[in-house]
Structure formats: C-alpha cells, structure tokens
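Protein sequences, first through last, are from chains A and B.
One point on numbering: in this note's numbering, the residue at position 30 of the first sequence is 30, and numbering is uninterrupted.
One point on numbering: in this note's numbering, the residue at position 104 of the second sequence is 1104, and numbering is uninterrupted.
DEER-style ranges, computed between Cβ atoms:
1. A:Arg45 to B:Thr1119: 37 to 45 Å
2. B:Pro1089 to A:Gly25: 43 to 51 Å
3. A:Arg45 to B:Ala1079: 18 to 26 Å
4. B:Gly1081 to A:Arg39: 31 to 39 Å
5. A:Arg39 to B:Ala1091: 34 to 42 Å
6. A:Gly58 to B:Thr1119: 31 to 39 Å
7. B:Ser1120 to A:Gln30: 53 to 61 Å
8. A:Ala49 to B:Ala1161: 22 to 30 Å
9. B:Lys1133 to A:Gly58: 34 to 42 Å
10. B:Glu1116 to A:Ala49: 20 to 28 Å
11. A:Gly25 to B:Ala1079: 36 to 44 Å
12. B:Glu1065 to A:Pro32: 35 to 43 Å
13. A:Leu29 to B:Gly1010: 33 to 41 Å
14. A:Gln30 to B:Thr1066: 41 to 49 Å
Derived contacts from chain B toward chain A, CB cut-off under 8 Å, selection only:
15. Ala1019
16. Gln1041
17. Pro1045
Quick caveat, the hints were computed from the structure, so don't treat them as lab data.
Built from N, CA and C at the ideal position, the CB exists for glycine as well.
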Amino acid sequence: MADFEPKILAFLCNWCAYAGADLAGVSRLQYPSNLRTVRVMCSGRVDPAFIVSALKEGWDGILVGG
Amino acid sequence: MTQRLFDLAGIGAERLHLAWVSSAEAQRFADVATEVISKVQEKGPLDRKAFAMALGACEMTVNCETLRWLVGKEVKITAKGDVYGRSWPVARYESVLNAALEREYHKSLIYLALKEGGTSVRDISERTGLALKHVSYLLADLEKTKQVEFRGMQERKPVFAAL
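Generate the whole structure from the sequences, applying the supplied hints.
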C-alpha cells in the first residue's frame, strides 16, 4: 500500500493545534500534504456525528487536535 | 467511545486519532500528522460500499439518546455521584457505556437491515451477522421504542418492518 495516498480530515482547535499547524507552516517544517484542516473554536465542538459523516463522505481517516 | 464503536463496526479505531498539540509545538504537529497518515496508510482506503451498513449504523448510534445522555453525565456520575449521592467507579461507568454502545450499534444494524428489505429474524441475522437469539431479543427492544413493527406471520415465520 505504498502508493496509497490517504485523505485525512483534521479538526483543529483554533487556540492550540491550529496555531501549531500554522507555526509548522511558517517555520517551513515538512509534513505530508494528505491532511485537510477544519478550524474549530474548541476540539470539544467536534461531535462524533461529524466524524462518522466525514468517513461516509469519503475521508479515510480523521484527526482531532486540541 | 467513537474509537471503540469503529472497532466494533470493523472500520478500525486507527482511522480516528486524537492528539493534543499546543500552539508553540510546530514540530510536534508535523510529527503527529506524519504518524496519523502512516497509520491510515497501513489500514488502506476505506471501502465505503462494504461498510455502508456499518457506517449507517455508526451514525445512528452516535446520534442515539441513550448514549448522548450517558456521555454527558460521565463526570457527574463518576465524580459527584448520582441523584442519591452515590458515585460510581470509572470502570463501572465505562462497562455500562460499552454495553450500551454495543447494544445500540446492534439495534441500529437490525433497523437498517429491516429498511434494506429484511423481514424475518433469520433474514436479519444473515444480513447483520448477529446471532439469531440476539436479534430476536433486540427486536423486542426496538418494538418497545416503536422503531420496528410486527407485521404478522408469513410461512409460519414472524415478519417485521422498520417504521
């Protein structure tokens, strides 16, 4: 499965992980581009129903970052 | 809970990751992202056709009242105690939650099997892979909550339909 590029949806907290991701971008750290981010105001905002519907809509994996 | 549900459904808990990254930890974010991607890569693409019923049942399960109430009361029950002032150990709470999770997931599977056109207990059991006895037990539960209806006998087999 080396050539499989997974689609991953990341729910990131505005104050923690999203800022971390932003800093990673600014400091030009290399990380794979399979991740697409959704900024939420708090990772507590992420409902399990969002995760299940994301999988239904075609994402292969989910990351919740707080 | 959602990870346990994904394991139960055969989707795999590895598809859902939780990570705590502070705003100053850019390197940690890059590491977490790389790790998550490699874990999901190992699992391979999600076969949405094969898991259509499992995903539908997961959706019903996470939206069901019982589980939402249970999850919402976790801190109250384990730290402050129930309405009679008795607090429950976390392990006890977890086992109740897990039992409810499994029951609700199986009930959702049965409901979807009926929607798909299943009729008898044997038919539902074949579609969902659940044991016959378990299906009839949960059907009675679904009947009580008016999600399923008994539609009479057909060739000496009781027939059910989803409402």
